[in-house]
Amino acid sequence: MQYALRTIWFERKRFIPGIVAVAFSAVLIALQTGILLGLIGVVSVPIVNSKAQIWIGYKDTLSVDLGRPIPTRYAEYVWANPNIETVNEYVQSFTFWTTTSGQNELAIVMGTNVSPESIGPVDQLDPEELVYLTEPGSIVVDRNDADRLEASELGSTGESFGRRLRIVGFVPDMGSISGPYLLCSLSTARMILRMPEDKTTYLLATVKDPTKVDQVIDELNAAFPDFTAFEAERFSTRSKMHWLTKTKAGIAIGFVALLGLAVGASVTSQTLYAATVASIRELAVLRALGIPGWRISVYVLQQAIIVGILGLVTSGPVAYALAQLARRLGTHATLPTWLITSTIVVTLTMSLFSGLIALRSLKHAEPASLLR
Amino acid sequence: MPVTIEADNIIRGFGTGDLRTIAVRGVSITLEAGQMTLLMGPSGSGKSTLLAILSGLLHPDEGRVSALDADIWKMSDYQREAFRRRYCGFIFQGYNLFPALTAQQQLEIVLQWGGNVPKKQAASMALQTLASLDLRDKAHLRPAELSGGEKQRVAVARALVKEPSLVFADEPTSALDWEHGRQVVDLLHEAAHKRDATILVVSHDPRLIPLADRVLNLEDGKLWDGDEPTPAI
Ligand SMILES: Nc1ncnc2c1ncn2[C@@H]1O[C@H](COP(=O)(O)OP(=O)(O)OP(=O)(O)O)[C@@H](O)[C@H]1O
Ligand SMILES: [Mg+2]
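Going line by line, the protein sequences match chains A and B. Counting in the UniProt record's numbering, the final residue of the first sequence is number 372, and the numbers go up one at a time with none missing. Counting in the UniProt record's numbering, the final residue of the second sequence is number 233, and the numbers go up one at a time with none missing.
Keep in mind the hints are simulated off the structure, nothing from the lab. Treat the hints with care, since some could be wrong.
[As the list claims (entries may be wrong)] Which residues of chain B face chain A? A few of them, derived with a C-beta cut under 7 Å, are:
#	residue
1	ILE29
2	LEU58
3	GLU62
4	PHE90
5	PHE98
6	ALA100
7	VAL110
8	TRP113
9	GLY115
10	VAL117
11	TRP224
[As the list claims (entries may be wrong)] Over 12 Å on every C-beta distance to chain B, these chain A residues come out as not near it, computed from the model:
#	residue
12	GLY137
13	ARG148
14	ARG194
15	ASP209
16	ARG238
17	ALA278
18	GLU282
19	SER342
Since this is a predicted model, take the numbers as computed values, not measurements. Cβ atoms here follow ideal geometry from the backbone N, Cα and C, with glycine treated the same way.
This is chain A alone, in the form it adopts within the complex:
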């Protein structure tokens, strides 16, 4: 390994294009996927921002934003399970927000219990905002959506299906995908959506003993086949996967990643090829001295791996800076560990593959060519 390292260090100028290409691929793959995940992650905002461990909705609900009304009285049956600690109603549906200038914006109403004991999606609210929300017609929105809603200040108003709504608070970080979230009390939500008291979109529940969550879910699903209880995290993943597949965004990302890899591999293999050709006479001397061909191949592959590692190291800060930039621009790039790990694996594999392509150059390391 030391000779490969020394060569790269000494001839770093020659290797820079390869390192940059690897970094480019890594950043492209990680960030592109991360931004998509961030975008899609917004769908599970209600789940992420609530303490509920169990979400109970219409049978086989595909995604949290696609819930259909279920009877509120079902809550009694849930309460009947001895392991249940709390049950909350939760109403979510699409609506329109009509701005003061008369524009219509698609929006999502989140109607939740706003008492201090709420297990609904109120994690970002402070206690005062919870109190304000008890007043009918008051809502809280994401600070980043204020312009879109033409409601940049506290007290700004708008309408939804003829109901006048007033903004009583902003949260920093709820995000929006198809439309802004309007967070409000259950009664405000029912008023906007004209949903009777005996209907709710979800029932949220917490369990006394957290280790019993799965058991409770199994019991509920077995007892009431018309509805489905989901564990919160799994419901979040289910919702995201639904969006990923339904919108074919996953395929788009696959193509971008493939393109990044193709560009990376071609530049990297070219770099390694050129570097090997540059020292082909020295390598030919080693061949004449009886050093086996595989030993020299290993040297080229080591260079490939080092270029890969250096490219990844470079990509780290770049990806971080771009993720910050994305955040400023109002989108999220989520970079979970599995994404970082797979980016590393894929990029290093690409480097190694580039090294294998560059091995072609070694057929010129022919000792007899040194004689003239």
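Fit chain B with the ligands to the known structure of chain A by using the hints.
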């Protein structure tokens, strides 16, 4: 001194049909341990071709080469590679040193990659060889920091570091001025005597004649020894 290389009726041509040139036309030769043989001849006379055949780098069309009692052109490629690894040192025209490596590392790489010699031992062998070529002070320098003569001495050191029984040098002095060229050939001569190595030097510089133990002349692919009568024209 024992005979180490014995070549019998070597023939080698290049190309086919009208383009065919015969570079070596039936050469028989014996080389002895402890001797430095100088192979001379005009350009295109087949010197490099012959050296490549004797050293196991280029397959002859006909003939037999026995080196250290082994018929090297009956071996498999793999066996021949192992043979070269074990017994052969090479010096080529031009220095062919890795720009990134110091003089010492140029030698170590041969030992580590070729013989799996542990790092420490490789370092001491490398330093010892460099010292014997008066390069101890230059061990930590890279090719760019060495003069042409020093570079070729490093190349000689690289050829000698594994203590080969057979050393082949093709035009080792062509890039050097006379003074440095002579120094390099002197060093090879000394190595032949000290280590009982068989050394074959190809050159067309007649000034090297007095430095050699033995001189062979190749002309148009044929050998004529000093002992043999000059062929009638
Ligand atoms: N790979 C090759 N392909 C075709 N012809 C070759 C090849 N190698 C050598 N020859 C021919 O064989 C003949 C002998 O070449 P060789 O290199 O052995 O000569 P030389 O004595 O070493 O010459 P010089 O002193 O110029 O190095 C020349 O005519 C040359 O053109
Ligand atoms: Mg020649």
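Against the structure, the hints come out as follows:
A distance limit of 7 Å between C-beta atoms decides the matter here; for ILE29/B the minimum to chain A is near 17 Å, and the interface restraint is violated. About 5 Å separates the beta-carbon of LEU58/B from the nearest beta-carbon of chain A, less than 7 Å, and the hint is met. Of the supplied interface hints, the one on GLU62/B is violated, with its beta-carbon coming no nearer than about 18 Å to a beta-carbon of chain A, more than 7 Å. About 5 Å separates the beta-carbon of PHE90/B from the nearest beta-carbon of chain A, less than 7 Å, and the hint is met.
At a threshold of 7 Å, the smallest CB-CB gap from PHE98/B to chain A is about 5 Å, leaving the interface hint in force. For ALA100/B, the shortest C-beta to C-beta distance to chain A is roughly 3 Å, which falls under 7 Å, so the interface hint holds. The beta carbon of VAL110/B is positioned within 7 Å of a beta carbon in chain A (closest approach about 6 Å), and the interface hint is therefore held. A hinted interface residue such as TRP113/B counts as satisfied when its beta carbon comes closer than 7 Å to some beta carbon of chain A; here the least separation is about 5 Å, so the hint holds.
Interface hint at GLY115/B: violated, since its Cβ lies 9 Å from the closest Cβ of chain A, which is beyond the 7 Å cut-off. For VAL117/B, the suggested interface contact is broken, since its CB lies about 12 Å from the closest CB of chain A, more than 7 Å. Interface hint at TRP224/B: violated, since its Cβ lies 22 Å from the closest Cβ of chain A, which is beyond the 7 Å cut-off. At roughly 74 Å, the least C-beta separation between GLY137/A and chain B is larger than 12 Å, which holds for a residue marked as non-interface.
Every Cβ of chain B is farther than 12 Å from the Cβ of ARG148/A; the closest lies at roughly 57 Å, confirming the non-interface assignment. With a cut of 12 Å on Cβ distances, ARG194/A stays outside the contact zone with chain B, its closest approach being about 76 Å. With a cut of 12 Å on Cβ distances, ASP209/A stays outside the contact zone with chain B, its closest approach being about 60 Å. The Cβ of ARG238/A sits about 54 Å from the closest Cβ of chain B, beyond the 12 Å cut-off, so the non-interface label holds.
Its beta-carbon lying about 9 Å from the closest one in chain B, ALA278/A breaks the requirement of being farther than 12 Å from that chain. For GLU282/A, the shortest C-beta to C-beta distance to chain B comes to about 5 Å, within the 12 Å cut-off, and the non-interface label is violated. The claim that SER342/A lies off the interface holds: its Cβ sits roughly 34 Å from the closest Cβ of chain B, which is beyond the 12 Å cut-off.
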